[in-house]
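Peer 1: Below, each chain spelled out in residue letters.
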Amino acid sequence: MEIPVSWLKEYVDIDVPVELLAEKMTVAGLEVGAITYLGVPQGFVEGIRWPVSEHLVWDREKIVLGAIREVQPHPNADRLVIALVDYGGAELEATVTGAPNLFPYKGVGPLQSPLWTPFAKEGAEVWDGHSEVRKRMILKEKPLRGIPNRCMVCSEYELGISDEHEGILLMQQQPTNTVTGQPAAPGTPLQDVLGDIILTVELTPNLARCFSVLGVAREVAALLDKPLRQPSHEVLMEGAGIAGEVEIEIREPELNPRFTLMLLRGTTIQPSPEWLQRRLKLVGQRPINNIVDVTNYITFEIGQPLHAFDYDKLKARAGSATPTIITRLPTPGETLETLDEVQRTLEPHNILVCDRAGVLSMGGIIGGAETEISDTTTNVLLEAANWNFINIRRSMQSQKVFTDAGTRFSRGVHPSQALLGVQRGIELMRQFGGGQVAQGVVDVYPLPAPTVQVDLRVAEVERILGMSFSAAECAALLRRLSFGVDVEGDVLHVTVPDYRMDISSDPITGQADLIEEIARVHGYNQIPATIIADMMPAQRANVELEREELARDVMVALGLRETISYRLTTPEREAMLTPGANSTSHETYVELANPLMAERSALRHTLLISLLESAVANARYTTQQQLFEIGNVYLKREGEALPDEPRRLGILITGPRRVESWQQDESNTPVDFYDLKGVVDGLLRGLHIGGVSYARSTHPSLHPGRSAQVLLNGRALGDFGELHPLVAQNFELNGGAPLLVAEFDLDALLERVEPNYGVLPLPTTPPVYQDIALVVGEETTAAAVEATIIKAGGNMLKGARLFDVYRGEPIPAGHKSLAYSLVYQADDRTLTDGEVAKVHQKIVKTCERELGAKLRA
Amino acid sequence: MLEQLEKLYQDAMAELEAVTSSEALREWDSRTLGQKGAVTLLLRGIGGLPKEERADFGKRANEVKLALAEAFAARETLVREHELARDLEEGQIDVTLPGRGRAVGGLHPSTQTLRELYHIWADMGFQVYRSRDVESDEMNFTLLNIPEHHPARDMWDTFHTTTPGVILRTHTSPGQVRAMRELGGDGSQPIRVILPGMCYRYEQVTTRSEMQFHQLEGLAIGRNIRMSDLKGTVTEFARRMFGANAAVRFRASYFPFTEPSMEIDVECFLCGGSGCRVCKYAGWLEIAGAGMVHPTVLRNGGYDPSQWSGFAFGMGPERMAMLKHGITDIRYFWGNDLRFLEQF
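Respectively, the protein sequence lines represent chains L and H. So the first sequence is numbered by our numbering: it starts at 1 and just counts up by one. So the second sequence is numbered by our numbering: it starts at 1 and just counts up by one.
Incorrect hints may appear among the rest.
Calculated Cβ distances over 12 Å to all of chain H for the following chain L residues [stated by the list, open to error]:
hint: 1; residue: PRO75
hint: 2; residue: SER113
hint: 3; residue: ALA208
Chain H residues, not near chain L, derived (Cβ > 10 Å throughout) [what the hints assert, rightly or not]:
hint: 4; residue: LEU2
hint: 5; residue: GLN10
hint: 6; residue: GLU23
hint: 7; residue: ARG31
hint: 8; residue: ALA38
hint: 9; residue: ARG54
hint: 10; residue: PHE57
hint: 11; residue: ARG86
hint: 12; residue: ASP123
hint: 13; residue: GLY187
hint: 14; residue: ASN224
hint: 15; residue: ARG240
hint: 16; residue: GLY283
hint: 17; residue: ASN300
Listed below are the simulated DMTMM-like cross-link pairs for lysine to aspartate or glutamate, each with C-alpha atoms no more than 20 Å apart in a straight line [to be verified]:
hint: 18; chain 1: L; residue 1: LYS142; chain 2: L; residue 2: GLU125
hint: 19; chain 1: L; residue 1: LYS315; chain 2: L; residue 2: GLU247
hint: 20; chain 1: L; residue 1: LYS24; chain 2: H; residue 2: GLU286
hint: 21; chain 1: L; residue 1: LYS400; chain 2: H; residue 2: GLU203
hint: 22; chain 1: L; residue 1: LYS400; chain 2: H; residue 2: ASP154
I should point out that these hints are in silico values taken from the structure, not numbers from a laboratory. Note that CB positions come from ideal geometry on N, CA and C, so glycine has one too.
Could you build all of it, start to finish, from the sequences and the hints given here?
Peer 2: Shown next as structure tokens:
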């Protein structure tokens, strides 16, 4: 919310620099997001930092208030006029301008009452109104079409007040000197007339009470410990009573706890006073006429939205009966055309203001077109009502209409404000438009809000804040915020001001609410910083997380780079992982009801979709990728609202096995299945998971011939292998090096981690190395050969490492040669040649017998 | 024969004098002293000598052999020293050529930041408690003192799922209630945990805001946990995370699940508080939201708020990483561009 400091000062004296005030407000929870300066210089306070403002400062000598006494035609140009300006000097200054809003006064002779305007003298700095980009300029003497000219009457743009540059800033009434409070004479520095500072206050939802200048003033008064000046609610009522002129019928007191009306007879619709128009502009409102402006003004001044009806239109609708305002819920299919020219179909919870003839407005949110104020209105019926904030918020969201009134009601306005608002509003309307206010208020208040009282034990303040306060200190701090406080020993009986709807009547919560207020007004920075003295809870390890982090460390040690992806994708995109899938099942997905974008509408089922997305992005500039990701996937469960969220580990490697180098002797061979298997082996070794076996994989995303499933005690831990060529094609990743991918059930994997794995002693006897090359049929797997060797080798064989696979001459077709390096070693002695030869022979014989292998010559 | 021997000796010595490389040395050794070398061959001819000459010849031959071997050893030392000196002198390479690249793995910056946070908080007795991403509306809002249709809900733009009442968590705070219910022993046990996790918001993705981000929440519950403890604990944290001189500021703010509530700022560690682009010339960086656990939330977690109290705070690991490393675009985090990841 925008708070002009000039307006704020009407209710509270501010004797500190605005920058310091902004800091105090920010620390107390009224965050000042920006300070905007109009013409006045920025202040600098030791220890407080604000961004340096680049605004225009109005020179006190050279930019002053001017009074245009006469507008003469320009002798040589139809599009220019000469304004004779009184700027406090000895003579009027003839100033050439093209401002269209002076043309109505051209050639009418001396004006009866002058037009007030900002006047910039030679040498003054203003924003250049003729430049396309924002740029400063210094006024210089320059004849315009033959007429000497050295000064300028200014537009709002040229002064940095707004972007308005159609005409110059004109005031019909003499403005006030804000320093003296007297009418400002020509020549008064413009800073003292229109200079201002605007605070942009970011209001959190609990600060509904600050949604007005008065509301912010209350807080400022408390923070500066200054008295608050309340605006007057007195009304001069002269006319006949309102009784019998209008009636109110509230059908839903829960949704509309209070409704008040006052009547102003015989008023005139005309522009509002200059000062009020300016205030409205400063808070972003467009002045319209004195009646509408007052409804807006009161909304921004005290936070109570008002609504003005043309009373005669209501009367016409009522016919011979007394006009009756009825607040109710809509009948099915009921519609209303609102002031924003939208024809709305009303929803069952939209509370309405109606009369017997139909709907008048959406209560608390927006008026209807039919009974609005027009230029010919003379009798104004003014409404100030109160609405249930939750229902207003719901209605604004369902009707997608967001108004200043609705925003305030949706945060919460106390019913007491309605009476104050209607009184102050009708009085200002009378002052600005004339007429007579009918005696009395029609006030229907079926559901009076109880006064909230909370007992606060002083010990409770220390229990929560960790700082001790006396009862008197607590009372003084609360009184600064206008709480009523009776101290009785160590208990404070606190009466909550009605506008403080954020203070709960619940005894415990209410105390917490008051303790926050004490801390806030005292200052959070005054509360000490202590070390927790409370008992340390039982310490517990998070084994799941620790093992997950171990898996990350192992993957990094293997040279892979961790990715973290969006967990949102689409079922259609995941279907691209299955070649030939022509239907997509949405039922198994957690889908968003309100996706932000079409391509992120459902939570993923697999990490492969995430890794492929990263691979596609990186493929634009690199061929080598070695990625892994650890994260959840989301699987809907039958009969359960919340999905299963298992953890997965995904791997993707592709491109050259080695990092490219300036030396040409390095291999550029792309990675293949066995590179990925090396990563998988490394992972299992790093996690100390032994005893796995590999089987052919049936994973639909993988190449059926070059993929494997990892099994442990018959349970599948995951699949890995070359990405199916058709899947690669779906992601436009075909044509380059193959992509190798893996996905593991991380929960299952990490369950098998043996934290207390054993370590073998180092051997003290020498090993004997011997190689063996066996020729076997293609159908015989390496795993089978290795298992046979190890079985036959018994205790003495300590290791068998495959070091060569050979096909071709002189090996017969359909066969291959597998060469192993064998390590023989006894634990307790040095082996003799004879012992080694015996075991070696046994291995050869066993392989020949069981595998049909032949020793390669 | 003896003359032959003497000539061989003279020639071999002369040749050895001319040897300057290990290779020539080996060649000389094999030619002269090897199994098929000249000395060996000559010695084999000893049988052809008259018996009486054999002893003298044999003696002299052994002397020659020994002398040659000694000379060889001396020469070898000399040649080795020479060669080593030459290698050290001449074997220079261009050390400015790039090193041969190795595939280096690395953790995602969010993981790195989370781990840093885990370590610091573990030192202060806070352990990790994790909870689910897909949450019930009740856990995410209602039990945290945010009733349906309450204006406070405007603080979170929420992704709803097609299952009514099921949403993607907008913050890690639902974990507070879960932790209290799971670890609190029906409101009888103190708690000190941090709750990291991925959160989701219906927010336009820009350089400054993301629809998905990590949060790390902290929760301390006890019979004597006070706002001063919150201040002290977070100040200690800030010193560990941002440097021993980090100044911390506490500002009043609002969260429905804490009271008093506050925003926590740390003095900008990039400019030392004098004002820069990162801190938007304010000198302060917002690092966490925090407060004393609201009595309603304590109740919902099974604790009696007149006997128990607690504090909670929440911070954003990605935001911290951005501040620390001057990252200007939050979208880098889930883009997984290797040119970004490889800088960590």
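Peer 1: Taking the shortest Cβ-to-Cβ distance between PRO75(L) and chain H, state whether it exceeds 12 Å.
Peer 2: Given that every Cβ of chain H is farther than 12 Å from that of PRO75(L), nearest at about 52 Å, it holds.
Peer 1: Looking at ARG86(H) again, its CB stays over 10 Å from all of chain L?
Peer 2: Fine: 25 Å to the nearest Cβ keeps ARG86(H) off the interface.
Peer 1: Should the label of ARG31(H) as a non-interface residue stand, given a Cβ cut-off of 10 Å to chain L?
Peer 2: Holds, since 35 Å exceeds 10 Å.
Peer 1: Minimum Cβ separation between ALA208(L) and chain H greater than 12 Å?
Peer 2: Its Cβ does come within 12 Å of chain H, the nearest being 8 Å, so this is violated.
Peer 1: Confirm or reject: ASN224(H) is not an interface residue toward chain L, with every Cβ-Cβ distance exceeding 10 Å.
Peer 2: ASN224(H) is in fact no farther than 10 Å from some Cβ atom of chain L, at 4 Å.
Peer 1: At 10 Å, judged by beta carbons, does PHE57(H) keep clear of chain L as stated?
Peer 2: Its Cβ never comes within 10 Å of chain L, the nearest being 43 Å, so this holds.
Peer 1: So if I understand the rule, the pair passes when the alpha-carbon distance is 20 Å or less; does LYS400(L) with GLU203(H) pass?
Peer 2: 18 Å, holds
Peer 1: At 10 Å, judged by beta carbons, does ALA38(H) keep clear of chain L as stated?
Peer 2: 38 Å, holds
Peer 1: Could you let me know if the closest chain L CB is still more than 10 Å away from the CB of GLU23(H)?
Peer 2: Check passes; 25 Å lies beyond 10 Å.
Peer 1: So ARG240(H) supposedly isn't at the interface. Is its beta-carbon more than 10 Å from every beta-carbon in chain L?
Peer 2: 14 Å, holds
Peer 1: Looking at SER113(L) again, its CB stays over 12 Å from all of chain H?
Peer 2: 46 Å, holds
Peer 1: Sort out whether GLU125(L) lies within 20 Å of LYS142(L), counting only the CA atoms.
Peer 2: Within the cut-off at roughly 15 Å; holds.
Of the hints listed earlier, those the structure fails to meet are numbers 3, 14 and 16, in rising order.
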